[in-house]
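Taken in order, these protein sequences are the chains called A and B. For the first sequence, this note's numbering assigns the number 1 to the initial residue and increments by one for each residue that follows. For the second sequence, this note's numbering assigns the number 1 to the initial residue and increments by one for each residue that follows.
If you are wondering where the hints come from, they were derived from the structure by calculation, not from laboratory data. Among these hints, one or two may not hold up.
Pairs count within a copy or across copies, as identical chains cannot be separated in the list.
Using 20 Å as the maximum straight-line C-alpha spacing, the simulated SDA-like pairs for lysine to any residue come out as follows [claimed, not checked]:
| # | residue 1 | residue 2 |
| --- | --- | --- |
| 1 | K365 | F296 |
| 2 | K365 | T247 |
| 3 | K292 | D85 |
| 4 | K365 | S246 |
| 5 | K25 | H358 |
| 6 | K184 | V405 |
| 7 | K388 | Q263 |
| 8 | K25 | S90 |
| 9 | K397 | P376 |
| 10 | K373 | A323 |
| 11 | K201 | S438 |
| 12 | K397 | H69 |
| 13 | K327 | G215 |
| 14 | K428 | E352 |
| 15 | K327 | Y261 |
| 16 | K87 | K184 |
| 17 | K428 | Y286 |
| 18 | K201 | D111 |
| 19 | K292 | L366 |
Number of protein chains: 2
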Amino acid sequence: MAPVLEPYFKQVDSMADSFIDRLRKAVAIPSISADAAHRPAVVKMADFLENELTTLGAHVERRYLGEQHPGLDLPPVLLGRYGDDPKKRSILVYGHYDVQPALKEDGWATDPFTLHVDEKDRMFGRGSTDDKGPVLGWINAIEAHKKAGIEFPVNLLMCFEGMEESGSEGLDNLIKQEAQVFFKDVDAVCISDNYWLGAEKPCLTYGLRGVSYFGIEVSGPGQDLHSGVYGGTVTEPMTDLINVMSTLVNNKGRILIPGIYDQVAPVTPEEEALYADIAFTMQDLYDGIGSKTAIFDDTKSTLMARWRNPSLSLHGVEGAFSAEGAKTVIPAKVIGKFSIRTVPDMDPEKVEKLVQQHVEWEFAKLNSNNTFKFHPLHAGKWWVSSPKHWNFTAAAKAVEQVWGVKPDMTREGGSIPVTLTFEQQTGKNVLLLPMGSSTDAAHSINEKLDKKNYIQGTKMLGAYLHFVAEEPITE
Amino acid sequence: MAPVLEPYFKQVDSMADSFIDRLRKAVAIPSISADAAHRPAVVKMADFLENELTTLGAHVERRYLGEQHPGLDLPPVLLGRYGDDPKKRSILVYGHYDVQPALKEDGWATDPFTLHVDEKDRMFGRGSTDDKGPVLGWINAIEAHKKAGIEFPVNLLMCFEGMEESGSEGLDNLIKQEAQVFFKDVDAVCISDNYWLGAEKPCLTYGLRGVSYFGIEVSGPGQDLHSGVYGGTVTEPMTDLINVMSTLVNNKGRILIPGIYDQVAPVTPEEEALYADIAFTMQDLYDGIGSKTAIFDDTKSTLMARWRNPSLSLHGVEGAFSAEGAKTVIPAKVIGKFSIRTVPDMDPEKVEKLVQQHVEWEFAKLNSNNTFKFHPLHAGKWWVSSPKHWNFTAAAKAVEQVWGVKPDMTREGGSIPVTLTFEQQTGKNVLLLPMGSSTDAAHSINEKLDKKNYIQGTKMLGAYLHFVAEEPITE
């Protein structure tokens, strides 16, 4: 039986101004996790959230993760619970209350820490969409239910961290520790920390690529040399490195390392059908990259390349001359950096082995007297869920109810490592349910959240909790 | 008739302490041309030299070259003349009185601007060997002749500049202007601003390689992109650039650009014979590069590669990720930097055309939708003189007289652009007559000049003037 949501929606609409005011207060706290000098503001933001939640009757516990480095405490993780009814489902939501750095001088049109609502109802401010708006969406949903006297449909468990923009230090361990403690009754997980594929159509996200990052180092001379004196007489590390780097990928995006594609899951007819109706145009891509230098000229190939095929990018060279101008140096030690975006069913360990074998083989072919070293720098695994899971079905119904349209089922090319951690540690389905759109400029200047996305998004999050409370179990 | 030099040599020996004291005073003036804040010290060094010269009876004129940039005057060039006898030959000597930067914190064992003479009679201090020692060598020679009452054998013209370590700004024009004015009677030119090939045996240098420096730029996206979002969907400029860069040279030092070697002068039997007796061992090379990663394992191939064959070095990439760590960026615009060391009979304009044709062809083969630009950044021509010229014969006799050994006839892999300018503008033979040795660490920390090289070098410069005064004209 479909839940009756009209009273909740009406309540949200009536409280829109106070919800915007809540966002204004949150944006005003410059909780920049990357900057040690702003650490007190990050903690102040935790205090603000804790106060909002406890005022509404939620139970909040702070978890301390130790020091980031001597003398600098990591900000607390807030673990919250609203409702404790064993007859209801328990839904765990995750968000983060820290933000990217922002300075007016970077090019912001308005002060980044003063919420500015323009004539198009765009709400500009650092953290508006990433991720304070979505976090407050959950709190708004609680408050609207309370004010309207509507029974809250689930037990809501919350995990809000303050270090997401700086590597989520310590979070994985905490999730592991709490998996069978604070999170033990969790039935499903929902993360609202990504964006619609475009500007108009909502989506649910069921997959993320992983990333395996590598450095390859070539060294020879004891120090940098002058090319006038030594050019032609010494085996130059850059020559070897550029040769090896040129064997990794071609400019059509094809990875040239043997065996990589053997691990890529074939496209099923079921998956293939998903691409047809995705609201995405080549112009969306051109707008994103600022040019028309795309590899493919159709959206299906482009989306498959972004979501479900591996890619390899050459990022740069450490140790070589990288400034403007002309310096006649023979660099003594150079490290080429590249990474592979990984997809199902690639195994990061196997990827690492294939890469190592390939680069060592290519270097061996050069018959060089330089020294070669392979550095696997980090690896995060891909994540993919089933868009047919009841957690997704519930979210799709909520989207349709609020936005009047079935959401696109999307994947993303980048990674959100905590997604996989929640899935692995709780053993439950994880859903990515974005509130903002692709135009929100998260991490950029003039970050914004449309008022529509915030208010309708608050309705959507609440509606999701109603649908997920009663969705029949599938898969 | 060989000149009688014993009285001069005795006089130099007797004045050794005062010559070292002169060097001590010169080293104490931190005439760093690269640093605007040190510009007054550069001018102070010019004052010092002018005073030393006029005290000895030389005529000195200051030439002003204008402003380096608004508010910062270039240091003066000192044009000196000692002797004005039309019956004598006029010899022009060049040197520079500015120095490389130096800070104790860079790793100097002693204060770089306080001359420190150690137990092995090594005289440490910035500028000791590059180029204050040699410049003072000429002044010492004048003084010793004067004190001993020996007639000075030539009219000595001097050109001492204060911007050599910073590109000799304005000097080429001045030499051109003065070629038929201050320098109009010049019979030969001598430059003492380079080093012996090794630590023990003197040399005369008759050739320098040129250098042609290039940038190749590949651009596509409007701004740097995130490899998670766009990897696999956009034609990455780095992939194109690395591919083109990999076609330029192999790690055995072979340039892969068609046509380059067609321009290289063949080795004559006469030239070939010069390599046999050069005092140079593979260990000298290994000491220089700090490793054994040489291309050749014999000295003849190594010297030919350094002196008379072209080489190509890949210097680095501008615009890509070059720091430590792991950044998942797709750089939007990257510029690969490389240079070719050029040799007789390579024509810089033809080299530029061959390089441009090659890189544009290699880029075209990639069938990329990125944009390619070729940037010739600068070109300086090679210089080669005949070691049989009477200017060299005279210098060889001076070396043998002072050091008891015939000098090696050497070339250098790097460039000293002023050499070619003097040759072209005066139309006279130019000789490079080094005072210091390869172990002097010019441009490095703990720069030094051995007392032996300074005092015997002063003898050698004076002896050279005697021999060159009466050497029969050949070539």
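Against the structure, the hints come out as follows:
| no. | hint | result |
| --- | --- | --- |
| 1 | K365 x F296 | between (33 Å within a copy, 18 Å between copies) |
| 2 | K365 x T247 | both (12 Å within a copy, 16 Å between copies) |
| 3 | K292 x D85 | neither (54 Å within a copy, 74 Å between copies) |
| 4 | K365 x S246 | both (13 Å within a copy, 14 Å between copies) |
| 5 | K25 x H358 | neither (53 Å within a copy, 60 Å between copies) |
| 6 | K184 x V405 | neither (34 Å within a copy, 89 Å between copies) |
| 7 | K388 x Q263 | neither (24 Å within a copy, 69 Å between copies) |
| 8 | K25 x S90 | neither (29 Å within a copy, 83 Å between copies) |
| 9 | K397 x P376 | neither (43 Å within a copy, 61 Å between copies) |
| 10 | K373 x A323 | between (25 Å within a copy, 18 Å between copies) |
| 11 | K201 x S438 | within (10 Å within a copy, 71 Å between copies) |
| 12 | K397 x H69 | neither (45 Å within a copy, 68 Å between copies) |
| 13 | K327 x G215 | between (24 Å within a copy, 11 Å between copies) |
| 14 | K428 x E352 | neither (28 Å within a copy, 63 Å between copies) |
| 15 | K327 x Y261 | neither (40 Å within a copy, 24 Å between copies) |
| 16 | K87 x K184 | within (15 Å within a copy, 106 Å between copies) |
| 17 | K428 x Y286 | neither (37 Å within a copy, 62 Å between copies) |
| 18 | K201 x D111 | neither (29 Å within a copy, 69 Å between copies) |
| 19 | K292 x L366 | between (36 Å within a copy, 17 Å between copies) |
Of the numbered hints given earlier, the model fails hints 3, 5, 6, 7, 8, 9, 12, 14, 15, 17, 18; all others are met.
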